[in-house]
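Participant: Residues per chain are reported as follows:
Number of protein chains: 2
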Amino acid sequence: MNETADKAPIDFWFDFSSPYGYLLAEKIDDVAARHGRKVRWHPILLGVIFQATGSRPPADGSSARAKYVYRDFHRSARHMGIPYNPPSRFPLPTQNAARAYYWLHGQDCALARQFAHAVYRAFFVDDLDISSPDTVLDIAGKLGVDRETLAAALQSPEIKARLKDECEQALATGVFGSPHVIIDGEHFFGADRLPQIEHWLESGGF
Amino acid sequence: MNETADKAPIDFWFDFSSPYGYLLAEKIDDVAARHGRKVRWHPILLGVIFQATGSRPPADGSSARAKYVYRDFHRSARHMGIPYNPPSRFPLPTQNAARAYYWLHGQDCALARQFAHAVYRAFFVDDLDISSPDTVLDIAGKLGVDRETLAAALQSPEIKARLKDECEQALATGVFGSPHVIIDGEHFFGADRLPQIEHWLESGGF
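In order, the protein sequences belong to chains X and S. The opening residue of the first sequence carries number 1 in full-length UniProt numbering; numbering runs sequentially from there. The opening residue of the second sequence carries number 1 in full-length UniProt numbering; numbering runs sequentially from there.
Just chain X, same shape as in the assembly (with noise of 0.2 Å):
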C-alpha cells in the first residue's frame, strides 16, 4: 500500500452499453484505491468512437466471434463474482444516461458515481431500457435528484456540448473501445486487463 496524495488520477473511458464496461466499472475504484488512487470516469459514445476509428463493436452481427463474446460476457462476469443477466435490448443508445452523469457530476461528484453503477445495474442486472429519457429520470430520482431539474438539463447546449467534447478528447487521447484506463499515459484496453491494471499499481510500471 503506498502513500500517493501526490499520485494523478487514472482515467477510465466507458460507454453505459458496454458489458465489459459494467465489469471493469465494479471493481476499478475499488482497485485504484488500494493504491492511493483516485478514478475520474468519462462516460461516451462508442458509437462515435467507432465511426472515428473505423473499429467494430466485439459482438457485431452472428459470426462465430460473436457468439463466443455474448458467451463471454456472462462467463467473464460470473469469473469477475458480479451478476449479470444479459439484456433483451443490445446495444442501446446511451446520449440520455451520459448526459445526466456529467449534469450530476457539475452538482456532486459522489452522486454521479452512484448513478452512473445505478445505471449500469439497471441494464445489465435489471434488463431496463437505460436508452430512455424516462428511465434515466427514474434512476436518478431513486438517488434524490429532481426529475424536472434533471430533464431540463438533458436538453441543454451546455450538456450535449460537454458529452461532445468528452468523446472528442477520448479520440484525441487514443481511447478506441470500452472499457478503457489510462493510468499515468499507459493504456489498458478492456475488463481483462484488471490484472495487469493491478501489477501496475502495485509496481509502479512492469
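Read the hints as simulated data drawn from the structure, not as lab findings. Certain hints may be false.
Treat identical chains as interchangeable: a pair holds within one or across any two.
DMTMM-like mimics (lysine to aspartate or glutamate), calculated; alpha carbons at most 25 Å apart, straight line [as the list claims (entries may be wrong)]:
{"no.": "1", "residue 1": "Lys67", "residue 2": "Glu186"}
{"no.": "2", "residue 1": "Lys38", "residue 2": "Glu198"}
{"no.": "3", "residue 1": "Lys67", "residue 2": "Glu166"}
{"no.": "4", "residue 1": "Lys67", "residue 2": "Glu198"}
{"no.": "5", "residue 1": "Lys7", "residue 2": "Glu166"}
{"no.": "6", "residue 1": "Lys67", "residue 2": "Glu168"}
{"no.": "7", "residue 1": "Lys27", "residue 2": "Glu202"}
{"no.": "8", "residue 1": "Lys142", "residue 2": "Glu26"}
{"no.": "9", "residue 1": "Lys27", "residue 2": "Asp134"}
{"no.": "10", "residue 1": "Lys27", "residue 2": "Glu198"}
{"no.": "11", "residue 1": "Lys67", "residue 2": "Asp165"}
{"no.": "12", "residue 1": "Lys67", "residue 2": "Asp184"}
{"no.": "13", "residue 1": "Lys67", "residue 2": "Asp11"}
With chain X's structure known, arrange chain S on it following the hints.
Facilitator: Relative to chain X, chain S alone:
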C-alpha cells in the same frame, strides 16, 4: 488436483505468427497438467481463418488500436514473465512451420512439441524469419531431425492436405483467431483468458 485419466484433452489452436499464441503456448501445458489434462496442439493459418470469417488481425494498420496492441504484446509478456522481443518482420507466413509440425507429430509427439516451442522462441525471442524453409529446417535440425527428410516432407501432398484439413476443422469448430482453446466444448479466446481457463479447470465449469 484431480485424478483425471479419463478427462478429454484440451484443444489449443494457434498460428506461429501470433504473439498471444506464443504467450499462451508457454503456459498451457503446465496449467492443463496441474488438472490432469493433456493438450492437443493445432497450428493453423490465421490468413485462412480471417478470410473465411471476415475477422481482422488485432494489430491492423497504424490506428490507435494497432499502436496499443503492439505495446500490449510486450507488456502482456512481461506481465506473464515470458521473454519477448518484438520481431522486426511481423506478421510472417507460417505454412512451412505448421507443415513441419504436423509431419514431426506423425513421427514423435514429444519432438513436435519441442519443435513448436523452438519455432515460437525463434520468432519472438531471437527475431528469426520463421517463414523461411531454411530457418524451419535449422530449428528442426538442432532437435536431431534429418534435414533432407523434413525438406521433402514439407513438399508432400499429404502434409499440405493435413494443414488444410486442420484449418477447415478449426473453422467448422468455431475457431476465429489465435490463440483459441476449447475445453469440453467451452471456447476461450486470447492469452488473457488464461485465468478463466484455470478457473474452469479447477471448478469443472463456473
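Participant: Indicate which option fits the pair Lys27, Asp134 if close means a Cα-Cα distance not exceeding 25 Å: within, between, both or neither.
Facilitator: neither (28 Å within a copy, 50 Å between copies)
Participant: I want to check one pair: Lys67 and Asp165. Are their C-alpha atoms no more than 25 Å apart within a copy, between two copies, both, or neither?
Facilitator: For Lys67 and Asp165, the Cα distance is within 25 Å only across copies (23 Å; inside one copy 34 Å).
Participant: Between copies, within a copy, both or neither: which fits Lys27 and Glu198 at Cα up to 25 Å?
Facilitator: For Lys27 and Glu198, the Cα distance is within 25 Å both inside one copy (11 Å) and across copies (21 Å).
Participant: Checking an output row: Lys67 and Glu198, CA cutoff 25 Å. Within, between, both or neither?
Facilitator: This pair counts as between: shortest inter-copy Cα distance 22 Å, intra-copy 29 Å.
Participant: If the cut is 25 Å between Cα atoms, do Lys67 and Asp11 qualify within a copy, between copies, both or neither?
Facilitator: between (30 Å within a copy, 19 Å between copies)
Participant: Up to 25 Å between alpha-carbons, please classify Lys27 paired with Glu202: within, between, both or neither.
Facilitator: Both: 16 Å inside a copy, 23 Å across copies.
Participant: When no copy is specified for Lys142 and Glu26, does a C-alpha distance of 25 Å or less occur within a copy, between copies, both, or neither?
Facilitator: within (20 Å within a copy, 51 Å between copies)
Participant: Have a look at Lys67 and Glu166 and pick one of within, between, both or neither, based on CA distance no larger than 25 Å.
Facilitator: Result: close only across copies, 22 Å inter versus 31 Å intra.
Participant: With 25 Å as the alpha-carbon cut-off, assign the pair Lys7 and Glu166 to within, between, both or neither.
Facilitator: Answer is within; shortest intra-copy Cα gap is 23 Å, inter-copy 51 Å.
Participant: At 25 Å max between alpha carbons, let me know whether Lys38 reaches Glu198 within a copy, between copies, both or neither.
Facilitator: within (14 Å within a copy, 31 Å between copies)
Participant: Up to 25 Å between alpha-carbons, please classify Lys67 paired with Asp184: within, between, both or neither.
Facilitator: Between copies only: 17 Å across chains, 35 Å inside a chain, cut-off 25 Å.
Participant: Have a look at Lys67 and Glu168 and pick one of within, between, both or neither, based on CA distance no larger than 25 Å.
Facilitator: between (31 Å within a copy, 19 Å between copies)
Violated hint: 9 only; the structure is consistent with all others.
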